[in-house]
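S.K.: Based on the provided sequences and hints, a complete structural model is requested.
The lines below spell out each chain.
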Amino acid sequence: MKLPLEGVLVLEFAQYLSGPCAGLRLADLGARVIKIEHPEKGEAGRKLSIKNLWLDDSSLLFNTINRNKESFAADMNNAEDMETLRRLIARAHVLIHNFRPGVMEKRMLDYESVKAINPSIVYTQISGYGSKGPWAKKPGQDLLVQALSGLAFTTGSYEDNPTPLGLGIGDYLCGNQAVQFILAALIRSRKNGKGTLLELSLLESLIDLQFEFFTTYFASGKMPERAHHHNAHSLLSAPYGIYKTSDGFIAIAMMSLQQLNKMMESQVLTQFSEGDVFSKRDEIKVVIADLLLHHPNDFWIQKAQIFDLWIMPVLNWKQMKTSKGYQVLEMEQEIASSKGGKKITTTRCPIRINNKKLYAGKAAPALNEHTQQIKQSLL
Amino acid sequence: MNRLLEDILVLDFSQFLSGPSAGLRLADMGARVIKIEKEGTGDICRQLYVSDVKLEDGESTIFHAINRNKESYCVDVKDEASLAKIKKLITKADVMLHNFRPGVMKRLGLDYETVKELNPSIVYGEISGYGEEGEWKALPGQDLLVQAVSGLTYLSGSLHHQPMPMGVAVADILAGTHLVQGALAAILSRLNTGEGSLVQVSMFESLLDFQFEVLTCFLNDGNEMPVRNAVNGAHAYIAAPYGIYKTADGFIAIAMAPIPVLAKLLNEAALSNYNDPNDWFNKRDEIKELLSKIFLIKLRSIGCVLWSLSIFGVPMFMTTINCLQAKDIKY
Chain A
1 MKLPLEGVLV LEFAQYLSGP CAGLRLADLG ARVIKIEHPE KGEAGRKLSI
51 KNLWLDDSSL LFNTINRNKE SFAADMNNAE DMETLRRLIA RAHVLIHNFR
101 PGVMEKRMLD YESVKAINPS IVYTQISGYG SKGPWAKKPG QDLLVQALSG
151 LAFTTGSYED NPTPLGLGIG DYLCGNQAVQ FILAALIRSR KNGKGTLLEL
201 SLLESLIDLQ FEFFTTYFAS GKMPERAHHH NAHSLLSAPY GIYKTSDGFI
251 AIAMMSLQQL NKMMESQVLT QFSEGDVFSK RDEIKVVIAD LLLHHPNDFW
301 IQKAQIFDLW IMPVLNWKQM KTSKGYQVLE MEQEIASSKG GKKITTTRCP
351 IRINNKKLYA GKAAPALNEH TQQIKQSLL
Chain B
1001 MNRLLEDILV LDFSQFLSGP SAGLRLADMG ARVIKIEKEG TGDICRQLYV
1051 SDVKLEDGES TIFHAINRNK ESYCVDVKDE ASLAKIKKLI TKADVMLHNF
1101 RPGVMKRLGL DYETVKELNP SIVYGEISGY GEEGEWKALP GQDLLVQAVS
1151 GLTYLSGSLH HQPMPMGVAV ADILAGTHLV QGALAAILSR LNTGEGSLVQ
1201 VSMFESLLDF QFEVLTCFLN DGNEMPVRNA VNGAHAYIAA PYGIYKTADG
1251 FIAIAMAPIP VLAKLLNEAA LSNYNDPNDW FNKRDEIKEL LSKIFLIKLR
1301 SIGCVLWSLS IFGVPMFMTT INCLQAKDIK Y
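Protein chains in written order, with this note's numbering: chain A, 1 to 379; chain B, 1001 to 1331.
Wrong hints could be hidden among the right ones.
[Unchecked claim] Once the Cα atoms are required to be at most 25 Å apart in a straight line, the calculated SDA-like pairs of lysine to any residue come out as:
hint, chain 1, residue 1, chain 2, residue 2
1, A, Lys324, A, Pro313
2, A, Lys356, B, Arg1101
3, B, Lys1054, A, Ala73
4, A, Lys342, A, Glu330
5, A, Lys51, B, Phe1218
6, B, Lys1246, B, Ser1272
7, A, Lys318, A, Lys339
8, A, Lys339, A, Ala73
9, A, Lys191, B, Glu1195
10, A, Lys280, B, Leu1048
[To be verified] A few chain A residues that face chain B, going by a derived Cβ cut-off under 8 Å, partial list only:
hint, residue
11, Gly156
12, Arg190
13, Ile353
14, Ile374
Derived by calculation from the structure, the hints in this document are not laboratory data. The C-beta atom is built at its ideal place from N, Cα and C for all residues, glycine as well.
M.R.: What follows is the structure, given as structure tokens:
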């Protein structure tokens, strides 16, 4: 199958997660993505491991984020390499970088300089906090941006410390939003030949993530408050949350108390009206929590399905992996390292095009793996 | 400036948040987005997905956040004349979006195969909860429920917590984000071929992708489960001191920092026992326990922002934590 982005050439001057996860998605959709790396050091993410897992010379983490890309080695302090890079830029459709503001300017690879080489390029810069203001040069690190954006006050319950989301949401979301805008800019560029400067920041992405909260806050002047019990979304009423049963946990989404009581059959619950779901949110949640403890997950899930209630069991990864609902997606793919031999399992692109799941078994590149080949074919 | 998608027409049949957030982003980029709503009730988000803050017209702030910058067109899909008008609109559209459960659009005669006959170049985007096949396909694809089955709730919070959902509708928003990616890639491809595409995303697959780094770890380490930190959990796979700590007057966030540097900075002998970087992961709970006691006594965070202190030549990432109303904090 021909992939939608075949023929699109992307240069990725990026490290760690935000920029590289944008490159990964573009590669999954068919673009040719070339990582520009320092000839000795390589991308910093190569040395960043979790649980000390490695594949060949780079971390499993790097291999996860950078599969299906090529590596081109260039030293941006070397004049000859810079000349090669400029020739490569002339051929590219997209450039992505996530250096702190000022770094690409110093290399004469800021948008104005790049535009002079290639007027139709989509130039994408990802920063922590934007290129202006007192925070511009501060470290755009995921946890810090979560902390500064108010996001940590959405998760956990009222008595908990501010609780961050346990994944690199700022990096991931910003990289994914970059893909949206890159594609829109490519569409325009195809129509009128114009290039585009795209500027994204982790902070703006995390503010956008909270747009429902901010809009509600701007309208009311009141800070959203996490529920004291079983908080799952601070703007929503009882019963919304995760609850313990006698042998596990279930999640209950939004529904009227009367609907929920079809399954609970509780006298106590009938004492609350629909008008109480916000004002007595915690009281109601405590009542529900006590009732649910009396029976196991299966008991409740069966009842929920009979009444078509928005309730699902809470699964951990092992339980998920053995469920048919997961297996039918065929989400996993095996990738052999570029040096052959060792294999890893990772996930595929979550988007399906014309009923096809998108697999790409090509491993992350070794440092410098494609430099010669790229010089021969593109320059 | 001419906007990126200014000549693109989008018909958005979707409701709630996942699909409408995709429509919102397309509108932000300049597309004309028309919400197709059910006559009488409209998008169920207008009534069902609400906060306790109402605007003057009685509608929820949440609906207005999600649907700004769009138009609304009401239709009774059971009425043939009404349906004929919709089909006429479809012939003019570039993109069509929906997030009904699998089978619903087919019953309405608006599934991709039928729509493609009317408009072969249309990009048809759909979001489901759990994909189009398998025994979960008809189950409610709602944000919290998809978080629940995806394992995501074992990543946030600390060890003593129950499974903890992320307090933002990440499944909806990420599925919407992925749908826009697929739809725009399909438009780009249409510029070459003239042909439209079917683009499908599910909230479940979107949350699996969101977890791709840690899930890949799990798939290659013999299926070891993530273990949340006992103290100030912030990321199950990252070493101490990573986390948010209470201080004498607020909270601070610390990302990666070498423990010996913190020991010198805080002048705490107890911390200097952790010179081996392996300990920062293996003994993270005792280190974090120690740090939380120290910070609570020693550090006042408000008005004293510690940003990337390059002490002893080692960059450290610290910041005070912000909240929506941090008006006392000066930066």
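S.K.: A separate judgement is required for each hint: does it hold in the structure or not?
M.R.: Consistency of the hints with the structure:
no., hint, verdict
1, A:Lys324 - A:Pro313, "14 Å, holds"
2, A:Lys356 - B:Arg1101, "19 Å, holds"
3, B:Lys1054 - A:Ala73, "56 Å, violated"
4, A:Lys342 - A:Glu330, "21 Å, holds"
5, A:Lys51 - B:Phe1218, "10 Å, holds"
6, B:Lys1246 - B:Ser1272, "21 Å, holds"
7, A:Lys318 - A:Lys339, "31 Å, violated"
8, A:Lys339 - A:Ala73, "18 Å, holds"
9, A:Lys191 - B:Glu1195, "17 Å, holds"
10, A:Lys280 - B:Leu1048, "18 Å, holds"
11, Gly156, "6 Å, holds"
12, Arg190, "5 Å, holds"
13, Ile353, "6 Å, holds"
14, Ile374, "23 Å, violated"
Hint compliance for this structure: hints 3, 7 and 14 are broken, all remaining hints hold.
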